Amino acid sequence: MSLWKRLLIRYGSFFVTLLLLSGLFFFLGHIVLKGGNTLSPALLFGEVAPMDALLFKERVFEGLFPAICGTLCLVLLSVTLALPAGVLTGIWLSHFARGRAKRTLTLCVDTLAGVPSIVVGLFGFSFAILLHTLTKGRIGPCLLIAALTLAVLVMPGIIRTTEVALSTIDRGTRLRVSAMGATPVQAIFHVYLPMAASGIFRGGVLALGRCAEDTAAIMLTGVVVTAGVPYALFGRFEALPFAIFTIASEYTGPEELARGYGAALILLILCGGLFGLSACIACRFRSIKR
Amino acid sequence: MKITFDTLTFRYGTHTLLKDISMEVPQGALTALTGPSGEGKSSLLSVINHLWQPEDGVRITGSAVAQFKGGAVDLLSPHLNLPLLRQKVAMVFQNPTPLPFSIFKNVSLPLTFAGIRDQKKIHQRVERALTRAGLWDEVNHRLKHPAATLSGGQQQRLAMARALVTNPEILLLDEPTSSLDAESRNGIEAQLLELKKSCTLLLVSHSEDQVDRLADRIYRLDQGHLERQG
Amino acid sequence: MGEGAATMAAGITFGVTLAIFGFMGWLALPLLEGETLSTLFTSVWNPQGGHFGIRPMIWGTLAVALPATLIAFPVSVGFACVATHLAPSWARRPLKGIAGFMTGIPTVVYGFSAVFTLVPLIRRMAGQGSGFSILGAAMVLALLISPTMILILINAFETTPQIWLREFEAMGATPEETVWYLIFPVTTPAMVSAFLLGLGRATGDTLIALMLAGNAVLTPTSPLEPARTLTAHIALVMAADFESPEFRSIFACGILLYLIIFGLTLMVRYLTRRPCP
Chain P
1 MSLWKRLLIR YGSFFVTLLL LSGLFFFLGH IVLKGGNTLS PALLFGEVAP MDALLFKERV
61 FEGLFPAICG TLCLVLLSVT LALPAGVLTG IWLSHFARGR AKRTLTLCVD TLAGVPSIVV
121 GLFGFSFAIL LHTLTKGRIG PCLLIAALTL AVLVMPGIIR TTEVALSTID RGTRLRVSAM
181 GATPVQAIFH VYLPMAASGI FRGGVLALGR CAEDTAAIML TGVVVTAGVP YALFGRFEAL
241 PFAIFTIASE YTGPEELARG YGAALILLIL CGGLFGLSAC IACRFRSIKR
Chain S
291 MKITFDTLTF RYGTHTLLKD ISMEVPQGAL TALTGPSGEG KSSLLSVINH LWQPEDGVRI
351 TGSAVAQFKG GAVDLLSPHL NLPLLRQKVA MVFQNPTPLP FSIFKNVSLP LTFAGIRDQK
411 KIHQRVERAL TRAGLWDEVN HRLKHPAATL SGGQQQRLAM ARALVTNPEI LLLDEPTSSL
471 DAESRNGIEA QLLELKKSCT LLLVSHSEDQ VDRLADRIYR LDQGHLERQG
Chain A
521 MGEGAATMAA GITFGVTLAI FGFMGWLALP LLEGETLSTL FTSVWNPQGG HFGIRPMIWG
581 TLAVALPATL IAFPVSVGFA CVATHLAPSW ARRPLKGIAG FMTGIPTVVY GFSAVFTLVP
641 LIRRMAGQGS GFSILGAAMV LALLISPTMI LILINAFETT PQIWLREFEA MGATPEETVW
701 YLIFPVTTPA MVSAFLLGLG RATGDTLIAL MLAGNAVLTP TSPLEPARTL TAHIALVMAA
761 DFESPEFRSI FACGILLYLI IFGLTLMVRY LTRRPCP
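Which chain is which? The protein sequence lines are P, S and A, in order. Residues 1 to 290 in the working numbering are what the first sequence lists, from first letter to last. Residues 291 to 520 in the working numbering are what the second sequence lists, from first letter to last. Residues 521 to 797 in the working numbering are what the third sequence lists, from first letter to last.
Next comes chain P alone, as it looks inside the complex (with noise of 0.2 Å):
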């Protein structure tokens, strides 16, 4: 090889890699700086007293507050409805499925994955659309629809990392437990499931993380700007990556815009936490393993 070759192939390299981070540390870094001034109890409560509105005393309009809640209701419900039926079809996948079946599944899931969160949330409306025509007018987009719609988001990553943890388990493993006296499903409940639960768990964490920053598909399936801190599973309900967005296209002073900056910096500690989280758990599950 060239010497030419050689060096454009390595400072190209290390060229772009720069580039990319220094690309994030600019984005990341001005929202940091700027988000940082703004951190203070008032950007949470605006000019309602911590106290009164964390007991709900109070509701307050002039700050993050409610969708601070709005978004840990969405994420925890959403992560609630995903993991059962996302660990189950990983179980299935790598225990049950042959064949056909199986493949089609793949399938299914790789396309599920793919679909952009925009086009989730229009099937989430659509759902909406039914129950409003099936209730006469009772219900329309809400916090529960939203939810489910985000399960549907983040179901796929939970079936790959369900069916990755269950596959690392080995066959001298499987021959073990069978010789122990157990049927497939009571090995995979009793002995495969908490070895993989680990893995599973990161998954979860995973999921979290996606639908705190998902903003697409919410917004077809009933966020709104001011709705308070969530009070019924079938309300409107405010989130966090929806405040920012707005706050972007329709900030009417500085105030509000410092706003944005506070919302969105809290997001990224939400999300960047719950990114070390996930890695501390595959951290730590590599050095059992060894």
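The hints are simulated quantities; they were obtained by calculation from the structure and are not laboratory data.
Here are some of the chain P residues that sit facing chain A, going by a computed Cβ distance under 8 Å:
(1) L19
(2) C108
(3) S126
(4) I188
(5) G209
Cross-link-like lysine to aspartate or glutamate pairs, in silico, EDC-like; alpha carbons within 20 Å at most:
(6) P:K102 - S:E345
(7) S:K378 - S:E484
(8) P:K102 - S:D346
Remember, predicted model here, so these are calculated numbers, not experimental data. Glycine residues also receive a C-beta, built at the ideal position from the N, C-alpha and C atoms.
Got chain P sorted already, so can you dock chains S and A onto it with the hints?
For chains S and A alone, coordinates are given in the frame of chain P:
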């Protein structure tokens, strides 16, 4: 508690691992199976607890019958109740690989599989199994610790305790001491001599010395053919 | 019982995948009647006048997603090479960690940051327009889809058999030669699937285009002009009246996006299926 093979042939794909095997494993004794390394011996064990699958390409002809307390069982029947069979025919593998759970859970799992829920009974059975495997005094104060913290010899005795916890009538041992040091090996051999009073043992070992020390009856498997040696 | 529950869950997953398509088809069905259909693939979007052409949006999607992927792909390949072979070994783990961390960064945060940094910058440099343009959207989108591609590439680069790597080392190959003559040839299918999956993510992303591309219904001709993508179009046309043909037409966009993703998925599967022994 007696096992009888008659003209048994074991094919794996296009390989014939066992050819026209006829043998008898008597009750309450230690029968040893020896011979050069290869897959034949382990395959013979897998016939007894049915740890083979037709889907893997295994074909078996001939007959294999085990005489249990409750009656005779055709080991080649496709309609066997496998979990029940494996409660009666327990197995200890060559490498001790404890599952990533506590010591207690490692031993009590087979009872869970057998559908035993009574916690008091489970505790009694686990204690008895660990005692029979000669491990109780070493672990009784740390049953909740992860099994991976045990030493190699202890892990193999843990595997024995796990095999014994369902009170099996037959215990299959696939080179249980080959990965252990001399001291741990002596400990396990002492437990085996103790166990054969209550259980039918079938030991696969490539160590002639060990076989001479322990066995009441010796079979030698070579190139798929079996002959009795003592 | 356990098996029954698992089978049921698998059935739900299967059902949902079909239902997404089915629901959109059901709601788009009225388009087949009437005159809406004939205007659907024209380039005029004028709901008041009965024109529902989505062709500008198709071009807009292409104009944003394709350049983004074309920028992101070489960057990702370079980054993956550095993180697996070229960087000193102490730096590899942190680099992989950063790539992983980047997958978790919320899209809306990138969008928000870019609205107040990149957009004014483009406005000043171009000296015309608002700064909301294809260029800005494609650049941020490239940053957004890179980590996905990087992780696939790193995974592929690292599964290259150790024996081959050692053989190359024994032959006296430099890291650059190993990358060029060994890693690239054996991971070509993985590299193509990384490209396709990146393209899929770029096509499907809504927020970046919605926040940065300007959303004007125009067939784009220059990178400094605004454009509206299919995804942004869906987000923008949220008429309250769900009987209107305008509203129906966004389901056609949804179906189109779904089919694009399905096609890309099929291609990736074809590329990554195990070679016959």
